[in-house]
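Using the hints provided, position chain R relative to the given structure of chain H.
Residue numbers (the working numbering), protein chains in the order written: chain H, 1 to 327; chain R, 1 to 150.
No lab work stands behind these hints: they were computed from the structure. Predicted, not measured: the structure shown is a model, and the values here were computed from it. Ideal Cβ placement from N, Cα and C applies to all residues, glycine included. Misleading hints may appear alongside valid ones.
Cβ-to-Cβ under 10 Å is the rule here; a few derived chain R residues that face chain H [as the list claims (entries may be wrong)]: (1) Ala28; (2) Leu32; (3) Val61; (4) Leu64; (5) Leu89; (6) Arg93; (7) Glu102; (8) Ile104; (9) Thr114; (10) Ser117; (11) Val127; (12) Glu130; (13) Asp143.
Simulated crosslink set (PhoX-like; lysine-lysine; CA at most 25 Å straight-line) [stated by the list, open to error]: (14) R:Lys136 with H:Lys211; (15) H:Lys311 with H:Lys101; (16) H:Lys79 with H:Lys233; (17) R:Lys129 with R:Lys142; (18) H:Lys233 with H:Lys193; (19) R:Lys142 with H:Lys211; (20) H:Lys27 with H:Lys145; (21) H:Lys28 with H:Lys151; (22) H:Lys101 with H:Lys21; (23) H:Lys294 with H:Lys193; (24) R:Lys142 with H:Lys201; (25) H:Lys211 with R:Lys137; (26) R:Lys136 with H:Lys201; (27) H:Lys201 with R:Lys129; (28) H:Lys79 with H:Lys13.
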Amino acid sequence: MVDQQLLIDEVKKVVSRDDVKYVIGYKKGTTGFTISPAFAYSTEYADKFIFNPLCKKNLAAYPLLEDKLPLKREEKEDKRKIGIVAKGCDTRALVQIIQEKGLNREDLVIIGIPCSGVIDYKKITAMFPNETAYSTIEEEQGFYKITINGKVHEIAKEELLADHCTSCIAPNPVIYDVLIGEEVEPWDLEEHKNLDVLEEKDVGERWEYWKEHFDRCIRCYACREACPLCYCKECMADLLNPQWIRRSVNLSENTAWNIMRAYHLAGRCVGCGECESVCPVNIPLMELNKEIEKDVKNIFEYSAGMDSEEKPLFGTFRPDDPEEFIM
Amino acid sequence: MTATETNSEMEEFEPNIIGFLCNWCSYAGADLAGTSRIQYPPNIKIIKVMCSGRVNPMYVVNALQQGADGVLIGGCHPGDCHYQHGNLLARRRMAILKNLLEFIGIDSRRVRMTWVSAAEGRKFAEVIKEVTEEIKKIGPMKDIQRVNEW
Numbered sequence: 001m002v003d004q005q006l007l008i009d010e011v012k013k014v015v016s017r018d019d020v021k022y023v024i025g026y027k028k029g030t031t032g033f034t035i036s037p038a039f040a041y042s043t044e045y046a047d048k049f050i051f052n053p054l055c056k057k058n059l060a061a062y063p064l065l066e067d068k069l070p071l072k073r074e075e076k077e078d079k080r081k082i083g084i085v086a087k088g089c090d091t092r093a094l095v096q097i098i099q100e101k102g103l104n105r106e107d108l109v110i111i112g113i114p115c116s117g118v119i120d121y122k123k124i125t126a127m128f129p130n131e132t133a134y135s136t137i138e139e140e141q142g143f144y145k146i147t148i149n150g151k152v153h154e155i156a157k158e159e160l161l162a163d164h165c166t167s168c169i170a171p172n173p174v175i176y177d178v179l180i181g182e183e184v185e186p187w188d189l190e191e192h193k194n195l196d197v198l199e200e201k202d203v204g205e206r207w208e209y210w211k212e213h214f215d216r217c218i219r220c221y222a223c224r225e226a227c228p229l230c231y232c233k234e235c236m237a238d239l240l241n242p243q244w245i246r247r248s249v250n251l252s253e254n255t256a257w258n259i260m261r262a263y264h265l266a267g268r269c270v271g272c273g274e275c276e277s278v279c280p281v282n283i284p285l286m287e288l289n290k291e292i293e294k295d296v297k298n299i300f301e302y303s304a305g306m307d308s309e310e311k312p313l314f315g316t317f318r319p320d321d322p323e324e325f326i327m
Numbered sequence: 001m002t003a004t005e006t007n008s009e010m011e012e013f014e015p016n017i018i019g020f021l022c023n024w025c026s027y028a029g030a031d032l033a034g035t036s037r038i039q040y041p042p043n044i045k046i047i048k049v050m051c052s053g054r055v056n057p058m059y060v061v062n063a064l065q066q067g068a069d070g071v072l073i074g075g076c077h078p079g080d081c082h083y084q085h086g087n088l089l090a091r092r093r094m095a096i097l098k099n100l101l102e103f104i105g106i107d108s109r110r111v112r113m114t115w116v117s118a119a120e121g122r123k124f125a126e127v128i129k130e131v132t133e134e135i136k137k138i139g140p141m142k143d144i145q146r147v148n149e150w
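Excised from the complex, chain H in its bound form (with noise of 0.2 Å):
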């Protein structure tokens, strides 16, 4: 658990600093349990900075929204950095971004966040659906102790936890300027719920699993926004020559998008889960992403987001390559 106040000190200290252009952090929502990010561009804005187990979103997405606009005559490049602040899971979307080069480790300054697990907002707005606030949240020894209305409510951790959680492989922040409060120790990963059970089907029920859920599509692409790591400016879903996805939402092109996605995110996914959050069908999307990390890791023993001088995945190779599936 974070010290409330050692975050707000310290995203004063970093703003404060005359080369931080402005903090990116969190905030309580509006409603019920909602978190909303939130921009310190100056010491009285750090006051409202939190920190607690619903601090789910991933934040690395923001410093990438930043506009460049063109400079008028004789004005200088605003140089500033941006401070953020980012549990375990952020700063591997960070790393992954540095290692290809979308934004300079220099133009951050990182405050790290060591990070128990985050709590799955589906989860705990089904437990609690009517309502509106809460005043504290906090998580002591296996429980998340919620205060509602003055009454505290004690619940087991493994029931809120966000399905992701269970297996982070950096609890700690793997790169940080400023560290906030004690490192934790990492848990025994499990492997993410469903996987082993979808693997022992054969090719037919997967199918018939998948369809029903790829039917389901909107194509709203909210899976794609809310991604850090799809930051493309301009993304292949979205071109019309050659048009790789037609318009048309049905379960071709959704499939064809589906599948599009998750290669896209192939040694490069981060595992924070936001697809899977924002997604208004509930597309178990976090399993496409764990099926490939884990290819990934068995196959060519690389995890993303883990060191920032290492090459992509698929821009290098090894000659020692598995290639048993060529012929």
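Showing chain R alone in chain H's frame:
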């Protein structure tokens, strides 16, 4: 497009196979098979690409959507690539793509990769024979058929 539903038609099922062959080795190998008059099944429709590393995984997915029952990617033997290592990059991509398709429920035997050099006309014919027979066994691909033709 072969819409085969009944068993009697199933026996006559002739698969459509799209072959992405690299300009320097596999395509020349196919050429050699032709000039040497080696018989091989006519089910393969060849698209020449400059290198097997040019094959975007979406080519494979789109081919399967648009009526192909199988896709074959042909490249040079490792070390022989005209562009130094294009085929080795393709090898990595296809390994992951095959696993992903298998996981989604599309039989990964539909997507095959082969190394055929310019001198291996006979090997090319054998590969085509093997792929055609295997895809005949799997049956037509109708799960993700593209419906809108515009």
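For each hint, the structure was consulted:
| no. | hint | result |
| --- | --- | --- |
| 1 | Ala28 | violated, 17 Å |
| 2 | Leu32 | violated, 17 Å |
| 3 | Val61 | holds, 5 Å |
| 4 | Leu64 | holds, 9 Å |
| 5 | Leu89 | holds, 6 Å |
| 6 | Arg93 | holds, 6 Å |
| 7 | Glu102 | holds, 7 Å |
| 8 | Ile104 | holds, 5 Å |
| 9 | Thr114 | holds, 4 Å |
| 10 | Ser117 | violated, 13 Å |
| 11 | Val127 | holds, 5 Å |
| 12 | Glu130 | holds, 7 Å |
| 13 | Asp143 | holds, 6 Å |
| 14 | R:Lys136 with H:Lys211 | holds, 24 Å |
| 15 | H:Lys311 with H:Lys101 | holds, 11 Å |
| 16 | H:Lys79 with H:Lys233 | holds, 21 Å |
| 17 | R:Lys129 with R:Lys142 | holds, 22 Å |
| 18 | H:Lys233 with H:Lys193 | violated, 33 Å |
| 19 | R:Lys142 with H:Lys211 | holds, 13 Å |
| 20 | H:Lys27 with H:Lys145 | holds, 19 Å |
| 21 | H:Lys28 with H:Lys151 | holds, 19 Å |
| 22 | H:Lys101 with H:Lys21 | holds, 21 Å |
| 23 | H:Lys294 with H:Lys193 | holds, 13 Å |
| 24 | R:Lys142 with H:Lys201 | holds, 20 Å |
| 25 | H:Lys211 with R:Lys137 | holds, 23 Å |
| 26 | R:Lys136 with H:Lys201 | holds, 23 Å |
| 27 | H:Lys201 with R:Lys129 | violated, 30 Å |
| 28 | H:Lys79 with H:Lys13 | holds, 19 Å |
Checked against the numbered hints listed earlier, the structure breaks hints 1, 2, 10, 18, 27; every other hint is satisfied.
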